[in-house]
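From first to last, the protein sequence lines are chains C and W.
If you read the first sequence in my numbering, its first letter stands for residue 962, the second for the next number, and so on.
If you read the second sequence in my numbering, its first letter stands for residue 10, the second for the next number, and so on.
Hints are supplied without guarantee of correctness; some may be wrong.
Unchecked claim - Calculated cross-link-like contacts (lysine-lysine; reagent style BS3-like; alpha-carbon spacing at most 27 Å): (1) W:148 to C:985; (2) W:149 to C:985; (3) W:149 to C:977; (4) W:149 to W:52; (5) W:148 to C:977; (6) C:977 to W:52; (7) C:985 to W:52.
Just so you know, the hints here were simulated from the structure itself, not pulled from any lab data.
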Amino acid sequence: MVFAIFASIVFGITQKDSTMEQVKYGLYCFALFVGGVFIAGWVMALIRR
Amino acid sequence: MAKTTIDKGKNTPTAPEYPITTMAVVAPIVGWLIPGGGHILLKRYVRGALLLVSVLAMFVIGLGMQGRIYKPNGGDILDILGFVGDAGAGLLYFAARIMDWGNVMAANAAADYGKTFLIVAGLLNFIAAADAHHIALGKKP
Chain C
962 MVFAIFASIV
972 FGITQKDSTM
982 EQVKYGLYCF
992 ALFVGGVFIA
1002 GWVMALIRR
Chain W
10 MAKTTIDKGK
20 NTPTAPEYPI
30 TTMAVVAPIV
40 GWLIPGGGHI
50 LLKRYVRGAL
60 LLVSVLAMFV
70 IGLGMQGRIY
80 KPNGGDILDI
90 LGFVGDAGAG
100 LLYFAARIMD
110 WGNVMAANAA
120 ADYGKTFLIV
130 AGLLNFIAAA
140 DAHHIALGKK
150 P
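Starting from the given sequences, assemble the full structure and let the hints guide the process.
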């Protein structure tokens, strides 16, 4: 989560131009990070079974 | 009646030119040395502060997790890549080397995460420095 927050902030700032676009892209990146963690967790749990 | 000539074949659009200014060279260097410094130099204070906090926090967390700071004399390609990532943090990397932080080879999961935090902090700082360069060139606001 901490990694996702800081990485999303940097990606948002560096990849977009306007403030609103930066915020939206940062939140989008954060959602992808967190969503990816959930999906990876479930995949690992299913593999383990 | 005057004749108008049309130049055929020479109507290709040219890419906008971005002259290399002094600030376009200085800002990324300062941005590499001090995370967010390039943006602050270019008067983008909020962005610079956020970048500083993000990169600094990731670096400090990485050290706190006993992550390893790579040295440039690693013979293994992965060690060299780790050094490149760590060196992206600029003065933070040099300070860690001088203070001998991250010189432990802790064999636990937290240390692995710490190593990743340190490398990613450096890589994100590289991205931030490149962004400062683009702002200085005028490619982005």
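Results of checking the hints against the structure:
1. At roughly 21 Å between alpha-carbon atoms, residue 148 of chain W and residue 985 of chain C fall within 27 Å of each other, so this suggested pair holds.
2. Distance restraint check for residue 149 of chain W and residue 985 of chain C: the Cα-Cα separation of roughly 17 Å lies within the 27 Å cut-off, and the hinted pair is therefore satisfied.
3. A threshold of 27 Å between alpha carbons decides the hint, and for residue 149 of chain W with residue 977 of chain C the separation of about 9 Å falls inside it, so the pair holds.
4. At most 27 Å may separate the alpha-carbon atoms for a hinted pair to count; residue 149 of chain W and residue 52 of chain W meet this at roughly 14 Å.
5. For a cut-off of 27 Å, the pair hint linking residue 148 of chain W to residue 977 of chain C stands: about 11 Å separates their Cα positions.
6. For the suggested pair residue 977 of chain C and residue 52 of chain W, the alpha carbons sit about 17 Å apart, so the restraint of at most 27 Å is met.
7. Distance check on the hinted pair: residue 985 of chain C and residue 52 of chain W sit about 22 Å apart at the alpha-carbon level, within 27 Å; holds.
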